[in-house]
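Based on the provided sequences and hints, a complete structural model is requested.
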Amino acid sequence: MSVPAARAASGENTLLSVEHLSIRFGGLVAVDDVSFTAGDRQITAIIGPNGAGKTTVFNCLTGFYKPTMGRLTLRHPQKGEFLLERMEGFQIARKAGVARTFQNIRLFPAMSVLENLIVAQHNMLMRASGYTVLGLFGSKIYKKAEKEAVELARYWLDRIGLTDRADSNAGNLAYGAQRRLEIARAMCTRPAMLCLDEPAAGLNPRESGELTRLLISIRDEEGIGVLLIEHHMDVVMGISDHVVVLDYGRKISDGSPQAVRDDPAVIRAYLGEEEEEDLPPEVARDLGDRGA
Amino acid sequence: MADVNASTVPSLRAPLDLPSALRECGVVALVVFALAFALVGFRIQDVPGGLDIRYRFHEVVAITAVGFVGRFAWILLRQGRPFPVAVTALPFGVALLAMLLGPLYAPAAKLERLLIFGDVVVNWLLALFTLGFGGRAAWMIWHAASTITPEAREARMDRIGAAVQNASRYIGPLLLGLALALPFMPFADRRVLDIATLVLTYVMLGWGLNIVVGLAGLLDLGYVAFYAVGAYSYALLALHFDLGFWTCLPFAGIMAAFAGILLGFPVLRLRGDYLAIVTLGFGEMVRIILLNWYKFTKGPDGLSGIPRPTFFGLPMTANPSEGEQTFHQFFGLEYSSVDRIIFLYFLILALAMVTNLFTLRIRKLPVGRAWEALREDEIACRSLGINPRNTKLTAFAIGAMFGGFGGAFFATRQGFISPESFTFIESAIILAIVVLGGMGSQIGVVFAAILLIGLPEFFRELQQYRMLAFGAAMVTIMVWRPRGLLAHREPTIRLEDARPKSASAKSGGQSP
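Sequences listed follow chains H and L, in order. Start counting the first sequence at 1; every next residue gets the next number (the numbering used here). Start counting the second sequence at 293; every next residue gets the next number (the numbering used here).
None of these hints come from the bench; they were simulated from the model. You may find that some hints are simply not true.
[Unchecked claim] List of simulated lysine-lysine pairs, DSS-like, C-alpha gap at most 30 Å: (1) L:K656 x H:K144; (2) H:K79 x H:K95; (3) L:K656 x H:K95; (4) L:K587 x H:K143; (5) L:K590 x H:K140; (6) H:K66 x H:K79.
Here is the structure:
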C-alpha cells in the first residue's frame, strides 16, 4: 500500500496528491503512511469505519493539523503547485483554493444567509476595498466588487434553492438547508478543490438525493475536484469516481467504487471478519492475551 | 373583575398549595433576614471620640417581613391570583407614597413619622416595589392575560428591539438634533452640560468597545487601559513638547492602537473567559505602570496643567497671555466660562459621532463582516481563508484607537489625570454599557449610557444606593434580557428583489 501510486493513477489530471502522510498525536498514530491522489473534475471519496482517520486527513489537507510526515501537493489549474503541509491554515483556503465544510455544521448562525456567502468572498472584497481604507470613503471599485460578490452569492442561492431565505439568519434554517448553505459558502471562495466532511450526515433520503445532484453538478459544471468523506454508501457509490478506504489510519484499498466494493480487505474492515492474522498486530495481541 | 379573570383563564387557577407557598416564603424571609442582619443590623457611626455601633434591629425585622410578604405576593401573581395582591398592595403603596410626599404638601400632618424605615430612599424603594406589584396585579386583572411565557416575552422584546432598530433611522438623527440643541436649552446649566459631556464620553467609549466586544466578540475587560494610554499620551506630549490638543489627538489614537496590538498578540489564541482574564490583567498592568513609573508619569501625583483644547487655535480663557487672541475676543463676545463647557460638549459629541459613523460604515466593509464572522465561528473563518490573527488585531487596534481618542478628550477636559481615574471599575462600567445596550447595537449603547451614567449622576444625592440600584439593574437585565436591551441585529446587506416568494422569508425568522 505504501507505494506512491500518486502520478501513475491519473496522470496530468491529478489535482491533489498525498504522499506518505503520517500524523501522530503523542504516541497515537492517527494516520500512518497514507498515499493517494484525487483527480481534477472528479469526486474522490474517503471512506472507512469510525476512527479510521478520515477527518484527520481532511484537517491536514485544510491546514488545521500539521502532518508529522508526508507531502501534500495541490496542482491548482491556474495558479500552479502548492505544498499544503508548508502553508499556514488560512492560506490554504486563500491561495491554494481548498475549501471545506465541517462534520458538525459551522455556519455563522447570527448572520444572514447572504452575509455568510459574502464573508466567504472576504479576500477578494478586502482587496477591492483597498484593505478597508478606500472602502471607508465609499470607493466605486469596492461597490462594484460588492455587487459582483452579491451576484455570485445569488447564483449559489439559486442553485441551492435558498434565494427567498437570503435575509434570514443562517441559524434559523432547517438542518438540510444549513448543510447546503455550507457547501454554497465553500463554493463562494471559488475553490479548486472542495472538501466535504460527511455532507449527507443527518439528511433524509430526499435531501440526500438533492445533495447528490448538487455534488455532481459542482463537479461537471464548475469543473473542480471534490473530496468527500461519507458514511452513506449509496451516496458514495453513486457519485464517486474514485474511492479511498482507510482503516486504523492506513489505506487498505483504493480504486473505482466497484473495485473497492469487491475488495476483501474492505469487506473485512466493514464487516469485521475475524481472521486474526489480518487484524492489526496490537489488536491481534490483545485478543490473544484474553485467551479467545 | 375577579370573576372575569377566573372564567377566562381557568387553567391557571390551580388550588393554592398554602403549606409549600408558606415554606417558600419562609425560606426567602430567612435569607433576607440573614443578609439584612449582617448588612443592615449594625451601622458604625462617627461619634465624638471615636466610632460607635448603632443597632437597627427593628429595620431588620421590617425587611424580613417585607421579604416574606413580597414573596407571597409574587407566588400569588405567578399562580394567576392577582386580585388579593392588587387589593392589598395598591392601597399600601398609595399610603406609603402619601407619607413620603406628605411633608412636601402638608408638613403639619407629620405623616412621615408613620414610615417603616428610617431612611427615605428605602421607603421610596418599598413604595415603588409595592406599587409595581400592585400595578402588575391590576394589569393582570384588567387584561385577564395572566403571565406570559418567557419565550413570548423574549419574542416581544425582540420585536421591540427590531422596531427600535428600524426606527433608529429616525431616532438617531432625532437624538443627534436634541444633542446639538441641548446647550441652547434654557435648562442647560453647567451641571446639565457636565453630565451630558460625561454621558457622551461613555457613549463614545461604549461605541469604541462595541467594536471589540459587540462585533468581534472579544470580551475585553481592560478597555480602560487604552483610555489611560490615550490620556497619558496627550498629557505627556502636550506637557513635554508643548503640542496642542488637535496635534496630539491623532497621536493619542495611534499610541492607544499600538497598545491594542500589543495586547492583541499574546491573546490571539485565547477565547472567552481566558481572554477576559488576560485583558483584565492588561488593564491593571497599565494602571500599575502609570502608578510606579514616577519619573515618566509622576505616579500617584498625576499630571496637572494639561492644556485645554483650542477652537481652531483660539484659546478659551479669560486672561490670554501676551499677544494671544482668545475665542471671545475673536468673535466679539463677552467672556463666559460656560463657553468652554459648551465647546467641550460639542467636541465629545463630534468625537462620538465620528466613532459611530466609523462603526456603521466598517460593519458593511469586509473587515467588519469578518469581525462578526470571527465572533460567530473562528474555525469556519479560517476555512474560508480569513486571517484570524490580522482580523483580531485590527479589531483590538481600532477599538483601542477610539479609547485613546476618548482618553485624550478626558485629559483635556479634566486638565488633570492620575492613575486613579483608570481603575477596573471604569472598564466594568463601559462593558456594562455595551452589554446592557445589547451587544452590537449602536443606539442601545446610547440608552444604556444614559441609564448607567446619566441617571446616577442626576441622583447623586442618593449616594450609596446608586451602586445598589446599578447592581440591581444589571441583575435584572441578566435575568430578563440576557442579550441586552436592544439586541437585534440587522443584516449588513440585503438581497434586492429576492424572489416574490418573500412572504415565507418574512415568517422565516420564527422557525426553529
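Status of the hints after comparison with the structure:
1. This hinted pair checks out: K656 of chain L and K144 of chain H have alpha carbons roughly 14 Å apart, not beyond 30 Å.
2. Between K79 of chain H and K95 of chain H, the direct Cα distance comes to roughly 8 Å. Compliance with the 30 Å bound is thereby established for this hinted pair.
3. Taking the CA atoms of K656 of chain L and K95 of chain H, the gap is about 24 Å. The hint holds against a cut of 30 Å.
4. Using a Cα cut-off of 30 Å, the hinted pair K587 of chain L and K143 of chain H is violated, with the two alpha carbons roughly 51 Å apart.
5. As the CA atoms of K590 of chain L and K140 of chain H are separated by approximately 50 Å, the hinted pair breaks the 30 Å bound.
6. This hinted pair checks out: K66 of chain H and K79 of chain H have alpha carbons roughly 23 Å apart, not beyond 30 Å.
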